[in-house]
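S.K.: Quick note, this note's numbering runs 29 ahead of the 1-based positions in the sequence shown.
Check each hint, because a few of them may be wrong.
What the hints assert, rightly or not - Think about it this way: if two alpha-carbon atoms lie no more than 27 Å apart in a straight line, the pair counts; the simulated DSSO-like pairs of lysine-lysine are: (1) Lys184 with Lys196; (2) Lys199 with Lys172; (3) Lys56 with Lys145; (4) Lys148 with Lys52; (5) Lys106 with Lys140; (6) Lys172 with Lys140; (7) Lys172 with Lys145; (8) Lys157 with Lys106; (9) Lys196 with Lys140; (10) Lys145 with Lys219; (11) Lys148 with Lys219; (12) Lys172 with Lys157; (13) Lys107 with Lys172; (14) Lys106 with Lys56; (15) Lys140 with Lys157; (16) Lys106 with Lys148; (17) Lys140 with Lys56; (18) Lys172 with Lys196; (19) Lys140 with Lys107; (20) Lys52 with Lys145; (21) Lys199 with Lys184; (22) Lys107 with Lys184; (23) Lys172 with Lys219.
The hints are simulated quantities; they were obtained by calculation from the structure and are not laboratory data.
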Amino acid sequence: MLEYLVNQRVPKGENPDVQTISKEIAKLAWLAGAIEGEGSFGMYICSGHKLRTNHDRQEVQIRTVISIVNSDVRFIKKASEVLFDFGVNFYFSLRRHESTRNMLILVVEGKGNCAKLIKLLIPYLYSKLDQAQLMLDLIEYRKSINCGKSYDLMKDTRLIQGVNELKTLKSNLVDPSTTLRRASQPLGLKI
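Work out the full structure: start from the sequences and follow the hints.
M.R.: Structure, rendered in structure tokens:
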């Protein structure tokens, strides 16, 4: 258990308001913060894969991905250790840049892995909570429908609208002109 002082003005050992949090909660909160700052939630419509059973028809899939991108290997190492500790599968990718630093990408892919991670992180997410909840809703929706041979993903308006809504949420950035900025004060929004 980790202890932290609720009231910083009372000397350690004399504070009746000391609360404890588990190391597991601390790890998940750290990972949520890492994803808030350096990560993304994405669902991408991918086509072009030939079906094994019918070589004349191309398969259309939705790729479900949560990733963290950073040039600091120690940061990605820590994130991978937390994922490993909680049994979430992942892999690494390297994005090479000639003019800037190389980026290491930690990727959690697939409906099951992404759903597992989101369920662990939801209590600790803030700015990307809406993206995580939408992704989880779309994953649950996909599980609830029959995706047999006759299923046409491109005709599933709920799913396509959800994927597009996730893209919109990812690009929902605040215009600096709509903010109130004062030194040593929380950022204010005029919206």
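S.K.: Keeping to a limit of 27 Å between CA atoms, is the pair of Lys106 and Lys56 held or broken?
M.R.: holds (13 Å)
S.K.: Does Lys184 sit within 27 Å of Lys199, going by the straight-line distance between their CA atoms?
M.R.: holds (24 Å)
S.K.: Can the restraint linking Lys172 and Lys157 be considered satisfied, given a maximum Cα separation of 27 Å?
M.R.: Given pair Lys172, Lys157 holds - Cα atoms ~23 Å apart, limit 27 Å.
S.K.: Run the distance test for Lys107 versus Lys172: straight-line Cα separation, threshold 27 Å.
M.R.: violated (31 Å)
S.K.: So if I understand the rule, the pair passes when the alpha-carbon distance is 27 Å or less; does Lys148 with Lys52 pass?
M.R.: holds (18 Å)
S.K.: Under the criterion that the straight-line Cα-Cα distance not exceed 27 Å, is the pair Lys145, Lys219 satisfied?
M.R.: Measuring from Cα to Cα gives roughly 36 Å; hence the hint is violated.
S.K.: For the pair supplied as a hint, Lys157 and Lys106, confirm whether the alpha-carbon distance does not exceed 27 Å.
M.R.: holds (22 Å)
S.K.: Sort out whether Lys157 lies within 27 Å of Lys140, counting only the CA atoms.
M.R.: holds (18 Å)
S.K.: Measure nothing beyond the straight line between the CA atoms of Lys140 and Lys56; if it is 27 Å or shorter, mark the hint as holding.
M.R.: OK: Lys140 and Lys56 at ~23 Å, within 27 Å.
S.K.: Keeping to a limit of 27 Å between CA atoms, is the pair of Lys184 and Lys196 held or broken?
M.R.: holds (19 Å)
S.K.: CA of Lys106 to CA of Lys140, is that 27 Å or under?
M.R.: holds (23 Å)
S.K.: Are Lys172 and Lys219 close enough, with their CA atoms no more than 27 Å apart?
M.R.: The hint is violated at about 40 Å.
Checked against the numbered hints given earlier, the structure breaks hints 10, 11, 13, 22, 23 and satisfies all the rest.
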